[in-house]
Amino acid sequence: MASMTQGENGVFAYYLELAVRSLRRSPGLTALMILAIGFGVAASMTMYSVFRGVSADPIPWKSSQLFVPQIDAWGPGHGENGEPPTMLTYIDAMALTRQHRAFRQSAIVAMWRSIMPPSTSPSDSLIETRGYAVDNEFFPMLDVPFHYGSGWSTDDDAHQIPVMVISDHFNQEMFGGGNSVGKTIDIGNHAYRIVGITRHWNPQPEFFALFRYQADEPDFFLPVQFAVANNVVSDNRANCKDGPYPGTDFAALLRSDCTWLSYMVELDSPAAAQAYRQYLDAYASEQQQIGRFPWRPNNRLRDVPAFLDYQHVVPSNTRVSLLVAQGLLVVCLVNTVGLLLAKFLRRSGEIAVRRALGASRASIYAQFLTEAGVIGVGGGLLGLLFTAIGVLSVGVVMPARLAVLARIDPALLLLTLLLAVTATLLAAVYPTYRASRVPPALQLKAP
Amino acid sequence: MNIYPILAALRRHKASVLLIVLQIALTLAIVANAFFIIGHSIERMRRTSGLDENGLIFIFQKLPVVTGDDATVTEKIDALQRADLQAIRNLPDVQDAAASRSFPLLVDDDDVGDISLDADRKGKFVHAAYYYGDEHLRATFGARLIAGRDFFASEIRHGHALPGSPVIIVSKSLADQLFPNGNALGQTVYQDGKPATIVGIVARLQTPTLDDSHWANNSVIEPLRKDAFWTGYVARARSGRTAEAIRDIHKALFALNPMRHMPPGAGIHPVSEQRTGAYDDERGIALLMGVICIILLSVTAAGIVGLTSFWVGQRHRQIGVRRALGARKIDILRYFQIEILLIAGSGAVIGALCAVGLNAWLMKHYEMMHLPLFYIATGVFAMLVLGQAAVLVPARRASNVPPVVATRSV
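Taken in order, these protein sequences are the chains called A and B.
Take 29 as the starting number for the first sequence in my numbering and just add one per residue.
Take 38 as the starting number for the second sequence in my numbering and just add one per residue.
Once the Cα atoms are required to be at most 25 Å apart in a straight line, the calculated DSS-like pairs of lysine-lysine come out as:
1. B/LYS161 to A/LYS269
2. B/LYS159 to B/LYS231
3. B/LYS231 to B/LYS161
4. B/LYS231 to A/LYS269
5. A/LYS269 to B/LYS159
6. B/LYS99 to B/LYS288
Since the hints were derived computationally from the structure, they do not count as laboratory data.
I would like the entire structure built from these sequences, with the hints used as guidance.
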């Protein structure tokens with residue numbers, strides 16, 4: 029058994045030697061094939077790394093349990109293809125929160141604020157921040173990681189207590205880092221007590237409210253109940269039936285059919301999701317009966333992947349680029365098939381001699397596939413280099429917020445090599461078949 | 038030259054010939070569509086906005102929070118805006134400034150609506166984008182007034198959600214679409230059922246959507262200073278003083294009131310920078326497609342060189358015989374040139390069909406437009422030229438085979 033293995037190794041080594049010798053005999057053709065494979069594979073893998081980064085599930089362990097409820101507050105003729113608005117009105121969001129039919133749920137409102145740092149902070153100019161007004165269940169629902177402390181409690185929400193969770197980065201800016209739980213931050217006319225400091229948390233795309241790619245993580249979270257009661261979110265841009273909300277009257281906005289709150293619910297089973305759909309329809313019917321919506325219920329409940337897809341979060345340019353790059357790889361492979369065919373058939377004489385000396389078709393296959401494999405490995409190594417260069421320079425042709433998502437990792441490198449070798453072997457199948465059909469006698473007859 | 042012998046020879050290399058034809062067809066299909074993407078991006082980037090972009094500055098900010106009932110807040114915000122504008126206009130490096138939350142290169146489609154010839158929108162109407170501003174806006178934009186006048190200061194209203202400005206300035210594109218006879222000036226049109234008189238026409242003013250639609254240049258300037266927390270101004274710097282003007286505007290505004298907010302993505306920027314940013318995607322995709330096309334064409338050209346070199350080597354003796362029988366060097370050269378013309382030609386025909394198919398597929402699945410014939414023709418031409426260029430060196434080598442080869446045994 030051992031000797032047989034050694035024998036096989038020996039044969040492989042022999043084929044390898046033959047391959048290298050043959051490739052050396054026509055360095056131009058060899059270089060051409062390796063370059064073509066290298067470029068083709070690198071173009072594909074570079075665009076794939078962008079696509080993989082951009083379309084990655086932002087919360088893979090849970091995305092199928094997180095849903096975005098949509099309730100039609102505008103009626104037929106206002107959304108594209110009869111789709112309800114993507115955000116909720118204040119009335120509907122508060123109804124969902126009050127009736128609390130999901131395992132966990134939260135309203136989510138994006139905010140931007142300039143914040144004056146405390147006198148002890150290293151900085152003395154206003155800090156530009158962005159954050160979200162959310163409910164307490166937001167943190168466990170999205171598995172937000174904490175450095176110190178935690179989210180706030182249901183009681184804090186109910187009693188509209190000004191509490192705040194801040195990011196590690198913002199904590200550094202404000203307090204120079206450390207456990208700042210218990211300290212306060214002034215925004216507007218309110219002092220917020222810090223209850224938690226998150227670890228770095230910036231899932232991409234931002235999947236719970238803005239549905240786009242954000243370069244920097246959110247700086248703060250505060251209770252949406254407090255924010256609404258104290259006019260903290262009064263300057264938010266809202267979408268109404270006929271365009272953006274025109275006024276500054278916050279009380280009127282709360283009563284209006286303008287949408288400005290994102291919403292997310294956690295439903296831990298398909299049955300729960302089904303029950304929640306029925307609940308949403310029942311809610312809309314009830315609104316229909318009291319005359320608020322004079323139309324039939326038109327709700328949606330998409331999970332996170334479906335919602336991101338619906339929002340076309342992955343730019344169409346990214347998909348088209350991937351497609352074109354894959355087209356390039358196919359052309360490179362057709363090119364390789366042609367060149368290998370020429371190269372193998374040029375050696376018809378050599379094949380005929382080997383066949384005449386007793387080599388079987390299988391061993392001709394083995395020899396020529398080994399040769400193709402060597403080219404594949406060469407192309408793969410070159411492809412690795414080009415892929416690395418490609419991924420590092422993808423920022424030249426893509427916006428920075430997308431380019432940062434393209435990463436080089438062991439999986440990408442392994443896939444590059446594997447793709448190069450597999451593709452080249454596939455390209456070699458037909459040329460090798462033709463080589464194996466070269467008849468032994470005919471070629472020996474020649475002078 | 039009779040092409041029959043060429044076809045007969047090609048039939049002996051069916052597989053290789055088919056592979057080159059396939060490669061050329063695929064290359065053409067991809068290159069034609071990629072060229073189209075590049076061409077379309079360049080076309081979009083070259084559109085003019087109607088602004089005098091050089092020296093134009095855009096300021097976008099959130100005003101300090103003020104409280105009170107709606108009317109009070111509106112008045113307070115308006116006072117803040119007027120004070121800001123006055124401070125900006127007083128700067129030595131600033132020529133003029135106006136309130137406007139929008140301008141042509143801002144990628145935004147919030148404020149659009151219909152302009153109609155009758156109150157009920159029963160007759161003719163066109164789609165348009167609105168710019169809200171004061172009497173300084175047209176001049177600050179640098180949009181060329183080709184008929185009529187600017188707004189008077191007395192015509193400027195302020196507030197929010199005020200429908201029906203009694204007077205408007207429109208872009209020529211909009212004027213021509215509503216009044217093909219060219220008599221738009223002084224006419225009454227309707228916005229949401231409210232009448233408005235066209236008092237001025239500007240030569241061109243792109244909408245802020247950056248769309249490609251037929252209403253891409255249908256703009257209306259409304260004499261309204263919008264009062265909202267998020268507010269914008271445009272300022273025109275004196276010639277060559279843009280950087281100084283930006284620095285001074287920042288200083289002056291924060292000196293006036295430090296509690297304003299300019300988050301990332303807002304702030305004070307030259308409009309030229311906004312143009313660069315607005316077309317980032319176009320520039321990127323054009324560059325990417327360009328790089329891919331270069332690699333693709335190089336690979337295909339190199340493939341043709343490789344295969345024809347191989348054929349030349351194989352037919353070495355045959356060429357020698359032909360030379361010995363009286364064929365001139367030029368005949369051998371022509372032979373290979375016609376051969377590749379046939380191959381590239383059939384590849385191009387199949388490729389043209391594939392290009393149309395690929396385009397149809399892209400149109401169905403992505404936001405792609407109809408591939409114009411020009412790009413297919415360019416692709417076909419490129420393939421034929423590529424074939425001839427690639428065959429030149431191997432064909433030369435073939436034509437240099439001496440007739441004496443025929444007398445030698447293989």
